[in-house]
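Chemist: Residue numbers (full-length UniProt numbering), protein chains in the order written: chain Z, 1 to 303; chain R, 1 to 358.
Calculated from the structure, these hints are not laboratory results. Some hints could be false.
[As the list claims (entries may be wrong)] A few chain Z residues facing chain R, derived, Cβ under 8 Å:
id: 1; residue: H74
id: 2; residue: R94
id: 3; residue: A109
id: 4; residue: L122
id: 5; residue: G123
id: 6; residue: S124
id: 7; residue: E125
id: 8; residue: R135
id: 9; residue: L136
id: 10; residue: L196
Every residue gets a Cβ at the ideal spot worked out from N, C-alpha and C, and that includes glycine.
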Amino acid sequence: MTDKTTGTHGTTVQDTPAHGDRPLVELRGAGKSYGNIRALHGVDLEVHPGRVTCVLGDNGAGKSTLIKIISGLHQHTEGEFLVDGEPVRFSTPREALDRGIATVYQDLAVVPLMPVWRNFFLGSEMTKGPWPLRRLDIERMKKTADEELRNMGIVLDDLEQPIGTLSGGQRQCVAIARAVYFGARVLILDEPTAALGVKQSGVVLKYIAAARDRGLGVIFITHNPHHAYMVGDHFSVLRLGTMELSADRSEVSLEELTNHMAGGAELAALKHELAQVRGVDVEELPEETDLKASAAATPEGKS
Amino acid sequence: MSMTQQAQPAVTTPPAPGPKETDGRTARRPLALRLLARPEVGVFLGAVVVLIFFLFAAPPVRDGSSIANILYQSSTIGIMALPVALLMIGGEFDLSAGVAVITSALTASMLSYQLTLNVWVGVIVALAVSLGIGLFNGWMLIKTGLPSFLVTLGTFLILQGVNLAVTKLVTGNVATDSISDMDGFEQAKAIFASTFDVAGVQVKITVVWWLVFAALATWVLLRTKYGNWIFAVGGNKESARAVGVPVTFTKISLFMLVGFGAWFVGMHNLFSFNTVQSGEGVGQELIYIAAAVIGGCLLTGGAGSAIGPVFGAFMFGMVQQGIVYAGWNPDWFKAFLGVMLLGAVLINLWVQRTATRR
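The following block holds chain Z by itself, in its conformation from the complex:
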């Protein structure tokens, strides 16, 4: 799969079905320690082409560590990290990019004062002409950027406008379209909806779906179970650096997901204690037995 041809969109999409069910990216019992602090432990994750894998978790649950391992910013210290079935260890984000793993960060990777089309091609500009006169192929870049954005359903009045004038959601979408165009097979989205309003979030979710429909494996990091449930095929909930839940869409309901995210399991354990305290209404809290979907919880569980 090293025949990644940047600049010709679609080629990487067509050959994905040949791999059948083999995950593009797989973590087996992966973990990461910073000195004596164990940020992540025993995490299993699979990313399949054309599927959205959601990683949910509260602040400090280990979501960032997880994506940093996959995107090549950090290295795992335990377990295995496989791309196309072979174990890998990335030392720079560039290596991850070369294997088709692109990360779209919340704020990073656009230059606000530069026009949309220049941002789209920044770092991978199209050129024409021999060396001393080698220049940007502006015509082709604008046309390509426009086509690619339209293919993702993004319509902009003017590609010359500084990208800083776009809304947060639109900027995310341009970043997603750019990653898709430059041959990404796996798209990691770091809380793309975190800073957005309801409508803007909807727009971003739509483009996540569009990326999935083009055959990409998507890792969608979020702490909003409602957003995750709208596009997700598989859900992994991280809690204190370990996997609390790993379930397919068919195995888990939005309610259960929300409970897990809201620390439902812990709340249930607290229920009995709280019941002793006067003035605390525990009737509405779920019982521990209601959270049966947590079958995949790691043996270590929570504290």
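Got chain Z sorted already, so can you dock chain R onto it with the hints?
Modeler: Leaving out everything else, chain R in the frame of chain Z:
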């Protein structure tokens, strides 16, 4: 464009609209307003106003030779203002640019005079020294992560001291000896400091170099990968790095470009005056920076042009000479500068707010 649809979507893919459709939320502003929002148009209008003002206030300005003189004055500022502007767009600035010019001239002058070499040897060594100073500035900046203000302030003080001390040490004087009778002087003078005739008016060759460099800088900035990177490293360094722009290379090479400019102006000074005063150049760096800012370059980086500083430098040259032609006290020059600078900064600020308004 073909799309391969595979999985069962929970949310459907939006349809790709036709090529003519727009989202229709941004009304197209009138051409005049859009032009005015461009910083180089603002400074162009400013330069025209200043020119017209002095055409009326100082009748000698109407003469062709006065215009040639004003252009010459502008070109010596303008040649340095160009790389300083590119560096500023790239998010940094260089306080050592003024004294670096003198350093370069001193190197070429003293080396060829003391060792009785062909002046071209001195010229080449001076180029190496100037590029080296740029390399040092850029390298220090990248390695330490300090703001360029501090790094280049250090270089500025070092060079200022070295210029004086080394010149006194070598020549026993604060100025270098005249090199006008040395091998290769005439050749070098033809390139760096000659004069040619246009319809009876003597025009300095630096005016031509200035405009050639400006055209080149504009092309590089707007039409090449490197130009794209300059905007990117100035606009958002971290983003640029994340998408694969060689940030270190771009920043260091920009400092070296300022070194090249310092070398060129230094050579001009040397070959037009034959000797170099070692204490000069202090304060010039602020003139270059001011010309770039008046020319619409954003002090914080990420926006600007190469053509703006051309008009910025022209405004400087115009005011500087215009005051003399008008018979006023030349001390007014600095006051004028201050007013122009503040005006330009306010316009820049307004433009940036307008451009990034949601």
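Chemist: Checked against the structure, which of the hints given earlier come out wrong?
Modeler: Violated hints (numbers, rising): 1, 10; every other hint is consistent with the structure.
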